[in-house]
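Listed in order, the protein sequences are those of chains A and B. 24 is the number of the first residue of the first sequence in our numbering; add one for each residue after it. 24 is the number of the first residue of the second sequence in our numbering; add one for each residue after it.
No wet-lab data here; the hints were simulated from the structure. Please note: incorrect hints may appear among the correct ones.
You can't tell identical chains apart in this list, so a pair holds if it fits in one copy or across any two.
Here are the simulated BS3-like pairs of lysine-lysine, each with C-alpha atoms no more than 30 Å apart in a straight line [to be verified]:
(1) 73 - 87
(2) 185 - 147
(3) 271 - 46
(4) 46 - 263
(5) 147 - 222
(6) 231 - 156
(7) 147 - 263
(8) 363 - 46
(9) 293 - 147
(10) 222 - 271
(11) 185 - 73
(12) 185 - 282
(13) 156 - 271
(14) 363 - 263
(15) 73 - 363
(16) 46 - 185
(17) 73 - 156
(18) 293 - 90
(19) 147 - 231
(20) 185 - 363
(21) 363 - 90
(22) 147 - 271
(23) 293 - 87
(24) 363 - 156
These numbers come from a predicted model, not from an experiment.
There are 2 protein chains.
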Amino acid sequence: MNRDKGVTGPAGFRAAGVAAGIKANGALDFTLVVNDGPNNAAAGVFTTNKVKAAPVLWSQQVLKERKLKAVVLNSGGANACTGPEGFQDTHATAEKVAEVLECGAIEVAVCSTGLIGERLPMDKVLSGVDTAKASLDNTVEAGLNAATGVMTTDTRPKQSWKAHEQGWSIGGFVKGAGMLAPNMATMLSVITTDADVDKDTLDAALRKATSNTFDRLDVDGGTSTNDTVLVLASGASGIKPAGEDFEKLLTEVSADLVKQLQGDAEGVTKEISITVTGAATEAEAVHIGRIVAEDNLVKTALFGSDPNWGRIAMALGRAQAQIDPDQLSIVINGIRVMDKGTRGEDRSNADLSGRDIDIIIELALGQGAATILTTDLSHDYVEENSAYSS
Amino acid sequence: MNRDKGVTGPAGFRAAGVAAGIKANGALDFTLVVNDGPNNAAAGVFTTNKVKAAPVLWSQQVLKERKLKAVVLNSGGANACTGPEGFQDTHATAEKVAEVLECGAIEVAVCSTGLIGERLPMDKVLSGVDTAKASLDNTVEAGLNAATGVMTTDTRPKQSWKAHEQGWSIGGFVKGAGMLAPNMATMLSVITTDADVDKDTLDAALRKATSNTFDRLDVDGGTSTNDTVLVLASGASGIKPAGEDFEKLLTEVSADLVKQLQGDAEGVTKEISITVTGAATEAEAVHIGRIVAEDNLVKTALFGSDPNWGRIAMALGRAQAQIDPDQLSIVINGIRVMDKGTRGEDRSNADLSGRDIDIIIELALGQGAATILTTDLSHDYVEENSAYSS
């Protein structure tokens, strides 16, 4: 994977990231990604939160056509819980982009991230569209600026790009550091491809890829009001890949973006992988992995480098899933600390001093398996989230 | 409420709390409560966790008879995930108590709390029974020692006692500071009464009282492997109260014990009450209250005294419940910060600098209402739970 390129890696795309003045500190806060075609197929997945931000409501409507000319994104404000006025702001933003790009507003998706409950400074947003339009380019720099313009508590821009040997490629950026349990966090991602993929194939591939990547990261259980992943296909390579080839590469790029989200999560000191095997179903494996990933007693123990498997057993015992405590085994960094319902090897043999922690939970009931990525609960997490209004 | 008396407040009960040597530091770690009758009705509610400790499995069996002579409790070890051997340890403890009290093991409930996954030092447990038997008394001091013997990370013993004007009373103790979301945390409570209450009335009253008190405290979502609340009725007052009078006083004493759990929770700096009104059903109100209570972004914001209502809206939007975002209002310490789906009064008017925070979530859909008690997520919470193996 190449992390130096992103949305402008594939042919047929231009992007820009500019300082529109939404953020008081003058940082980049406004991003525009444009698909120059020849195709304009697109697909999107959105937050499952019942409280949805105005840009999510707008983009869900727009994506019904599965055609996009452009995506406009801002940091510095989520435009969530802002009522009908907030929705009008989103609409006006799309209209302005449509005007400068000479397309329809229905071809423009909108994404926002930042504090919930505040209106956006629309004068700055609208002039930002003009500035961004003037900066559009297909360069590596333009892609990096686009990835930077959406950052909130992220410490670094996060991009991924990979080419297929057939001559087409997939690239994208992602932002997100807290409120991060994408089911479909404010987690925003725009992915581009120059493959010639029709809209139905694109939609199916995106749903499959996100369900196995974005949907399996759970930092803090906080599915946001604004979570969005969009994929845009320009067809500029002129190559029509096989469906499974496209889905495979899209999953790889998505997984790499998710790995970067995990590594840059708020207060992270441990990158934790929780694999559940032998569950009754895959859905139960995912549910059990999430229950453990979200448990504060597990997360604080791991921050303390303590292989406290009893807390893992406690946490998963709360799952709405089939569990036989007498069949349950837990392996932490290769040490089988719990074996068939009771104490296994001495837990002090499990060395958790490093950054990576690998937990395997064996239920020994069925064939269901899944891996959930999460992070620990550290002092820095508490500090960032008690001091920063997001 | 009188917090100086507990299980020995009602007539017909003796108790003891001794140092059996289970804890290395020599603190009190072993408690015995004995019902001297004339009656021996009892009822219990237990953890809903699928991974249940040996003493829970034992006590659930014993309580089927709804008759108890005694309850024996230890701190310093949960006896959970200890396999058949752990269950035999519990059984042997009950047998030893039955021997010294000259009753049947079937009349002895057992409770344990401490680290999960370690066997108990049975020589110390068994000699502890003898020491405790020799210390049994009906004094205030004996009750206080009993309440102290079950403490783990608790900073203080927690008792409550109240007399009914008719001449009978209810008293009890509780322990618990983390892994605390009793649905039925290691949260242990023994409640006594000298009312003449039959076992069916006692059972019904306990279920009703706990569902409205213990089950509505949610510090960290951590329903433990060992949660237990037991109530024992001696009938020693000779007075048979009306069912509703008994249930009302039992609920009051339970609520006072729960308030003390909240106030002594690990790392607590804020005592937070979340009231949900206008839900479709009471069950949905409870579910929504719990989702908000368990949300780390909400908990860290409140630690920072930040009335960040957007995080509350985000958290509850994840609930599996009927929600209309446009009807949603949020009141924090008297300030209506969110009104019918959008920003209300300036949130800076909500002063959260004190210890008590009162949140009201108005759904405006139906008649369902519930209040959940929780605490904030502080640096001390992270410190205690990353440094202490519980």
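Hint check results:
Taking the shortest Cα distances, residue 73 and residue 87 sit within 30 Å of each other inside one copy (19 Å), while across copies they are farther apart (43 Å). For a Cα distance limit of 30 Å, the shortest separation of residue 185 from residue 147 qualifies neither inside one copy, at 35 Å, nor across copies, at 63 Å. Taking the shortest alpha-carbon separations for residue 271 and residue 46, neither the intra-copy value of 37 Å nor the inter-copy value of 55 Å comes in at or below 30 Å. Taking identical chains as interchangeable, the C-alpha atoms of residue 46 and residue 263 are never at most 30 Å apart, the minima being 41 Å within one chain and 69 Å between chains.
Within a single copy, residue 147 and residue 222 get their C-alpha atoms no closer than 34 Å, and across copies no closer than 70 Å, so neither meets the 30 Å cut-off. Neither within a single protomer nor between protomers do residue 231 and residue 156 lie at most 30 Å apart by alpha-carbon distance, with minima of 33 Å and 64 Å respectively. Taking the shortest alpha-carbon separations for residue 147 and residue 263, neither the intra-copy value of 40 Å nor the inter-copy value of 74 Å comes in at or below 30 Å. In this homomeric assembly, residue 363 and residue 46 come within 30 Å of each other (Cα to Cα) only across copies, at 27 Å, whereas the closest approach inside a single copy is 54 Å.
When the C-alpha separation of residue 293 and residue 147 is checked against a cutoff of 30 Å, the pair qualifies neither within a copy, at 39 Å, nor between copies, at 39 Å. Taking CA atoms no more than 30 Å apart as the test, residue 222 paired with residue 271 passes inside one copy only; the shortest distance there is 17 Å, against 63 Å between copies. In this homomeric assembly, residue 185 and residue 73 never come within 30 Å of each other (Cα to Cα): the closest approach is 34 Å inside a single copy and 44 Å across copies. In this homomeric assembly, residue 185 and residue 282 come within 30 Å of each other (Cα to Cα) only inside a single copy, at 15 Å, whereas the closest approach across copies is 56 Å.
Taking the shortest alpha-carbon separations for residue 156 and residue 271, neither the intra-copy value of 33 Å nor the inter-copy value of 68 Å comes in at or below 30 Å. Taking the shortest Cα distances, residue 363 and residue 263 never come within 30 Å of each other, neither inside one copy (50 Å) nor across copies (49 Å). In this homomeric assembly, residue 73 and residue 363 come within 30 Å of each other (Cα to Cα) only across copies, at 15 Å, whereas the closest approach inside a single copy is 40 Å. In this assembly of identical chains, the alpha carbons of residue 46 and residue 185 never lie at most 30 Å apart, being 32 Å within a copy and 57 Å across copies at closest.
For the identical chains of this complex, residue 73 and residue 156 are neighbours neither inside a copy (33 Å) nor across copies (57 Å), given an alpha-carbon limit of 30 Å. In this assembly of identical chains, the alpha carbons of residue 293 and residue 90 never lie at most 30 Å apart, being 40 Å within a copy and 49 Å across copies at closest. Taking the shortest alpha-carbon separations for residue 147 and residue 231, neither the intra-copy value of 37 Å nor the inter-copy value of 57 Å comes in at or below 30 Å. When the C-alpha separation of residue 185 and residue 363 is checked against a cutoff of 30 Å, the pair qualifies neither within a copy, at 42 Å, nor between copies, at 46 Å.
For the identical chains of this complex, residue 363 and residue 90 are neighbours neither inside a copy (52 Å) nor across copies (34 Å), given an alpha-carbon limit of 30 Å. Neither within a single protomer nor between protomers do residue 147 and residue 271 lie at most 30 Å apart by alpha-carbon distance, with minima of 40 Å and 60 Å respectively. Within a single copy, residue 293 and residue 87 get their C-alpha atoms no closer than 39 Å, and across copies no closer than 45 Å, so neither meets the 30 Å cut-off. In the homo-oligomer, the alpha carbons of residue 363 and residue 156 never lie at most 30 Å apart, since the shortest distance is 61 Å inside one protomer and 37 Å across protomers.
Violated hints, in rising order: 2, 3, 4, 5, 6, 7, 9, 11, 13, 14, 16, 17, 18, 19, 20, 21, 22, 23, 24; the structure is consistent with all others.
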